[in-house]
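Sequences and hints are given; from them, build the entire structure.
Taken in order, these protein sequences are the chains called R and Z. Note that this note's numbering numbers the first sequence so that position 640 is 640, with each residue one more than the last. Note that this note's numbering numbers the second sequence so that position 154 is 154, with each residue one more than the last.
Simulated from the structure, these hints should not be mistaken for lab results. What you were told as hints is all true, and nothing was included just to trick you.
Simulated crosslink set (DSS-like; lysine-lysine; CA at most 27 Å straight-line):
| id | chain 1 | residue 1 | chain 2 | residue 2 |
| --- | --- | --- | --- | --- |
| 1 | R | LYS560 | Z | LYS165 |
| 2 | R | LYS476 | Z | LYS75 |
| 3 | R | LYS475 | Z | LYS75 |
| 4 | R | LYS560 | Z | LYS164 |
| 5 | R | LYS382 | R | LYS507 |
| 6 | Z | LYS75 | R | LYS533 |
| 7 | R | LYS394 | Z | LYS56 |
| 8 | R | LYS705 | Z | LYS164 |
| 9 | R | LYS721 | R | LYS697 |
| 10 | Z | LYS75 | R | LYS530 |
| 11 | R | LYS394 | Z | LYS75 |
| 12 | Z | LYS75 | R | LYS631 |
| 13 | Z | LYS165 | R | LYS705 |
| 14 | Z | LYS331 | Z | LYS3 |
| 15 | Z | LYS75 | R | LYS635 |
| 16 | R | LYS118 | R | LYS72 |
| 17 | Z | LYS56 | R | LYS631 |
Since the model is a prediction, treat every value here as computed from it, not as a measurement.
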Amino acid sequence: MRYKSFISFLVYLAHAVLNSYAMLFFSNQKLFGALILIVSFFNPFTGIGGLSATIIAVIAAYGIGFSSDQVKTGFYTYSALLLGLGMGTFYELSMGYWLLLPLASLVAVLVSAALIAKLGKQNLPALSLSFILTFWLVILASKEFTAVGLTQRNIYWLNEMYATGGSKLIQLIQQIDSLDIPDAVAGFLRSLSAILFQSNIAAGILLVIGLLIYSRIALLLSILGYATAMIFISLMGAGGVGINYYNVGTNFMLVAIALGGFYIIPSTRSFLWAIITVPISYLLVLGLSKITYTWGLPVFSLPFCITVILFLYCLQLRKTPGKLVLTPVQYYSPEINLYTYINEKERWMNTVYHQLALPFMGEWMVSQGYDGDLTHKGDWAKALDFVILDNEMKTYRFPGNLPEHFYCYNKPVLAPADGTVVEIIDFIEDNEIGGNNTQQNWGNTIVIKHAEGLYTKLSHLKKHSFKVAKGAFVKKGEIIAHVGNSGRSPEPHLHFQVQANPYVGSKTISYPFAYFTVRDNSNILLNNFKIPKEGSFISNIIGNDQLQQAFNFQPGLLVKVNAKDFQEEEWEVFTSVYNETYFYCKQTKAAAYFKHNGNAFYFTHFMGEKDNLLFYFYEAAYKVLLSSENKINVKDNFPLSVYSLNAVKWLQDLLSPFYIFINMQFQSEVKKDSNTLTGNSISFTSKKLLNLFGKEKHLSTAHVKIENNRLHSFTVQTNNKTIAAICTV
Amino acid sequence: MQKLRYESPSIQKMNAGLMNKFGTRTEYEAVKQIDGVSVKSMIEKYGSPVFVISEKTIRRTYRNAVRAFTTRYPKVQFAWSYKTNYINAVCNIFHQEGSWGEVVSGFEYRKALGNGVPGDKIIFNGPEKTEAELILAINNDSLIHIDHFEELYQLIDLADTLNKKPRVAIRVNMDTGIYPMWDRFGFNYENGQAWQAMNKIVASGKLQLTGLHCHIGTFMLSTEAYAIAVRKLGDLAWNAKTQLNTLIKYLDMGGGLPSANNLRGAYMPAADMIPSIDEFAEAITGALLNIGFANSELPLLILESGRALIDDAGYLLGTVIANKRLSDGRKATIMDFGVNLLFTAFWYEHKMSPAQDFTHHTEDMVLYGPLCMNIDVVRSSINMPLLNRGDHVVVHKVGAYNMTQWMQFIQMRPNVVLIDEQGNTHLIREAETLEYIEQMEKMPAHLKTIEL
Numbered sequence: 001m002r003y004k005s006f007i008s009f010l011v012y013l014a015h016a017v018l019n020s021y022a023m024l025f026f027s028n029q030k031l032f033g034a035l036i037l038i039v040s041f042f043n044p045f046t047g048i049g050g051l052s053a054t055i056i057a058v059i060a061a062y063g064i065g066f067s068s069d070q071v072k073t074g075f076y077t078y079s080a081l082l083l084g085l086g087m088g089t090f091y092e093l094s095m096g097y098w099l100l101l102p103l104a105s106l107v108a109v110l111v112s113a114a115l116i117a118k119l120g121k122q123n124l125p126a127l128s129l130s131f132i133l134t135f136w137l138v139i140l141a142s143k144e145f146t147a148v149g150l151t152q153r154n155i156y157w158l159n160e161m162y163a164t165g166g167s168k169l170i171q172l173i174q175q176i177d178s179l180d181i182p183d184a185v186a187g188f189l190r191s192l193s194a195i196l197f198q199s200n201i202a203a204g205i206l207l208v209i210g211l212l213i214y215s216r217i218a219l220l221l222s223i224l225g226y227a228t229a230m231i232f233i234s235l236m237g238a239g240g241v242g243i244n245y246y247n248v249g250t251n252f253m254l255v256a257i258a259l260g261g262f263y264i265i266p267s268t269r270s271f272l273w274a275i276i277t278v279p280i281s282y283l284l285v286l287g288l289s290k291i292t293y294t295w296g297l298p299v300f301s302l303p304f305c306i307t308v309i310l311f312l313y314c315l316q317l318r319k320t321p322g323k324l325v326l327t328p329v330q331y332y333s334p335e336i337n338l339y340t341y342i343n344e345k346e347r348w349m350n351t352v353y354h355q356l357a358l359p360f361m362g363e364w365m366v367s368q369g370y371d372g373d374l375t376h377k378g379d380w381a382k383a384l385d386f387v388i389l390d391n392e393m394k395t396y397r398f399p400g401n402l403p404e405h406f407y408c409y410n411k412p413v414l415a416p417a418d419g420t421v422v423e424i425i426d427f428i429e430d431n432e433i434g435g436n437n438t439q440q441n442w443g444n445t446i447v448i449k450h451a452e453g454l455y456t457k458l459s460h461l462k463k464h465s466f467k468v469a470k471g472a473f474v475k476k477g478e479i480i481a482h483v484g485n486s487g488r489s490p491e492p493h494l495h496f497q498v499q500a501n502p503y504v505g506s507k508t509i510s511y512p513f514a515y516f517t518v519r520d521n522s523n524i525l526l527n528n529f530k531i532p533k534e535g536s537f538i539s540n541i542i543g544n545d546q547l548q549q550a551f552n553f554q555p556g557l558l559v560k561v562n563a564k565d566f567q568e569e570e571w572e573v574f575t576s577v578y579n580e581t582y583f584y585c586k587q588t589k590a591a592a593y594f595k596h597n598g599n600a601f602y603f604t605h606f607m608g609e610k611d612n613l614l615f616y617f618y619e620a621a622y623k624v625l626l627s628s629e630n631k632i633n634v635k636d637n638f639p640l641s642v643y644s645l646n647a648v649k650w651l652q653d654l655l656s657p658f659y660i661f662i663n664m665q666f667q668s669e670v671k672k673d674s675n676t677l678t679g680n681s682i683s684f685t686s687k688k689l690l691n692l693f694g695k696e697k698h699l700s701t702a703h704v705k706i707e708n709n710r711l712h713s714f715t716v717q718t719n720n721k722t723i724a725a726i727c728t729v
Numbered sequence: 001m002q003k004l005r006y007e008s009p010s011i012q013k014m015n016a017g018l019m020n021k022f023g024t025r026t027e028y029e030a031v032k033q034i035d036g037v038s039v040k041s042m043i044e045k046y047g048s049p050v051f052v053i054s055e056k057t058i059r060r061t062y063r064n065a066v067r068a069f070t071t072r073y074p075k076v077q078f079a080w081s082y083k084t085n086y087i088n089a090v091c092n093i094f095h096q097e098g099s100w101g102e103v104v105s106g107f108e109y110r111k112a113l114g115n116g117v118p119g120d121k122i123i124f125n126g127p128e129k130t131e132a133e134l135i136l137a138i139n140n141d142s143l144i145h146i147d148h149f150e151e152l153y154q155l156i157d158l159a160d161t162l163n164k165k166p167r168v169a170i171r172v173n174m175d176t177g178i179y180p181m182w183d184r185f186g187f188n189y190e191n192g193q194a195w196q197a198m199n200k201i202v203a204s205g206k207l208q209l210t211g212l213h214c215h216i217g218t219f220m221l222s223t224e225a226y227a228i229a230v231r232k233l234g235d236l237a238w239n240a241k242t243q244l245n246t247l248i249k250y251l252d253m254g255g256g257l258p259s260a261n262n263l264r265g266a267y268m269p270a271a272d273m274i275p276s277i278d279e280f281a282e283a284i285t286g287a288l289l290n291i292g293f294a295n296s297e298l299p300l301l302i303l304e305s306g307r308a309l310i311d312d313a314g315y316l317l318g319t320v321i322a323n324k325r326l327s328d329g330r331k332a333t334i335m336d337f338g339v340n341l342l343f344t345a346f347w348y349e350h351k352m353s354p355a356q357d358f359t360h361h362t363e364d365m366v367l368y369g370p371l372c373m374n375i376d377v378v379r380s381s382i383n384m385p386l387l388n389r390g391d392h393v394v395v396h397k398v399g400a401y402n403m404t405q406w407m408q409f410i411q412m413r414p415n416v417v418l419i420d421e422q423g424n425t426h427l428i429r430e431a432e433t434l435e436y437i438e439q440m441e442k443m444p445a446h447l448k449t450i451e452l
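As structure tokens, then:
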């Protein structure tokens, strides 16, 4: 038992150590971490220093009792790793060194934890600040210790390599080093290796390979950072002051990666910022080193830290993110961040906007939209007018000289969302057709408060038709009044606006409806978080009880899934500390994150191996509109990051900040298009399509079947195989 | 100058009214085309008589009805009443528009299946359902509307043997202040039969009590009757929820909505008497919303309207065979269609229009059909412009029931033509032939030869 738990701790330790290494390049891929670990041993002393410091730091962080999950990510320990690498490079491996290293590692962990906690509240990263502070401390203090001495080794590191390693390896590294490659390329490779306190082309090449596998965007940014730095330096005639591989590597290339694609969603704009921030970092290198050298301290990566933190802090001060968006959820890969962001723009809306529904039943037309030509002007421009049209596009039946002849007259008006009635005006007579009451402009009106600063106002209602009183709490979809023809209304229509204040006549604000359909001839298109356009025919979505129940997966629910040629999988629903719900497959350890917002069910993220049933289900039910009405076609895009690597995908990754040419599309449609009453079973079909340079290719079709309000089964059909899975809930 | 049209002499009662500057004139207008297709060309192509159905009118009428209900109530479903007109092309227009199927026999049930209506969107009504038909309906997950206790017990037995839980509703009859009260179908509300039936269904545990159904009459002229019916069904649904712990998922209000035809013996013309579909919708949905169900529990409203959706879209084109004077001096016109095709002539005073120009002279006349039977009277008294042999006549609003209740009696049934939305004509049911009529007949050997 003890032995077992010891083994599991060793595994945990290995994870945490590898993650610490990967963190140096903003990654959480252990394979990349392992590669960095190997590269760090190109200078064995550096390597040993780094590895021992990391192990000590992990044990310390775990022992102190920080969240073991957090420790595992390497979050608290990568500063200690840097410290170990630095100390291994610059100090003799004396007895004093081995006493100092654990102590310094511990300090690094504590400073890291303190900084992460403090800066985390501001949504800022701690970067390598802890390493810098601790290393300064070590440098200043160690001058007093005779047992600790600086080494000349790093100058003659090859000699040491002869002493410790095989001569063949040395020869290879030397050969590579003496290869006739252009200075620029050699400089780039040496700079990259300098992040690990080396200046070695072979190390640089390995890191480039690792970086290429980890993130094409990051590699591109590092090249951009290097090139910008070189061009700027030569233009300014700085004469090489402060220019060494270390500064180019950590302060210029890492700044470009961090701001160009890691903390900011990669885009043309983020790349431009990356170009601008490199010289800024250079200024800091020059300026700060003047100060630190008075104490005999190198600046290390301080310019990098200051530049990144300064920019991120200032970008957060903006009112709206515009087109330069800070990474909302960090997936530790510029590509995943970008693809997830593109894909989830609509999904983020859920957290940003209140879910408003259309304030009526059936199909209506927007007779005047935002910034309309008639009356939606100035402060009241963001308003909508709705009417009902018949097949001949008329709003009334013959002869149309009375309000009663108009289709929308006296129709029920619904509450767009839950809220409290804050104002009701209910004393104004209806106008005759063609009449206009500009004295009591809004006519009979109701204002509902949904949240602080979010009010909706419905106007031109029928006198004495109100079903609710001032102060009442109304539920979404509840009938609150009927359409009339009061106020500035020559013919019956419903006026709707969203405003930030509770007053009748307040300024309008632009605000979307959460889910509604638009009819375009006979096609019914789903709209999410859009503002209906003038002239469009729109309806609310009517939910299907069976679908809503079947996709309401509550934490603790266990789904057993069986399919031929697959092992049985058990999916359990969990809730994470961030209140995300996800399926966790016990057998494959894969996790699929999902959301259910009452109108739709969708998967947000998939983690783990892909050749399993959970992944097929993730693809099949990627987005499910919980309605079976009117055969609404649901479209969405899969995040490209879910799909495997190949040459085209790599090209796409490189170009992704600027241009997306691969599109993995998802389409689904409920097969049974009944209104709300369906039989005991209901099924929907979904398709996965690949759109490459505008050419569409059908990849797979899936059918998901719901029976008796439960997920029953799903089948996936690809070009060469069919998977039929039975689910038991 | 164009040659004046000949009209046979007419006899008119002397009418000493006030002088007016317009002279005597008729309210008739010649109807020379339907949806842009000339009557003459259709008769030339498809013969006379011929039924013509306008797809455009069907879709427009249907959408008007749907709009009237869906803008007042969130969950609405129409189910096409097959018995009103079950020519497949007609049914499929409704199914394309989203209508389910409502059938009252195994024959209609199979017709709906044949048209591609999924089993769980077929409502199976009617007093007679055979065991085989019930089994078919159960296996298809159809909505079975129970008419009597015998059927209820039979369903419980079948559910047991098939090991399925069929979805059922009961048909309820009730007093809504309408005479005659249709108490021959379903279970009575007032005497507690309906509640008893519901209790038995729930207590059996073998059936899913999914809905409640009523059909209070036909050609209803009162919206209030529907409101009463909704309140009574609503009462049962509410009791089902509170006492039987069963949520009624739908209320089927049946049909019975009128079309704009004139009823025989009605004092006022239909247009002045018949409430619009909007008024019916207002009454029905208003009462539904007041039952007390929360928004999420509101039952689906099903409507099985037939007549109101198809009557206007149907026309019958015919030709004058002869004119004659009856013994009392009245004029009689014999048409090539009679009650064999126009079954609804028994209760409607159908509107007729000449299909060609005519003078302002009119005369009271009797319109007879071609049958050699005394009952074959299309209109017993109608004031019509004068018609000659070979003239064409258009009968309006004949889409409902005529193409299902028509008789193959003395004459054979004619072609049925559909005018699509682009104005193209399609033959959707061919005229019957002697071979068609005789193909079901069997001749015993000893009767095969005759000698006269």
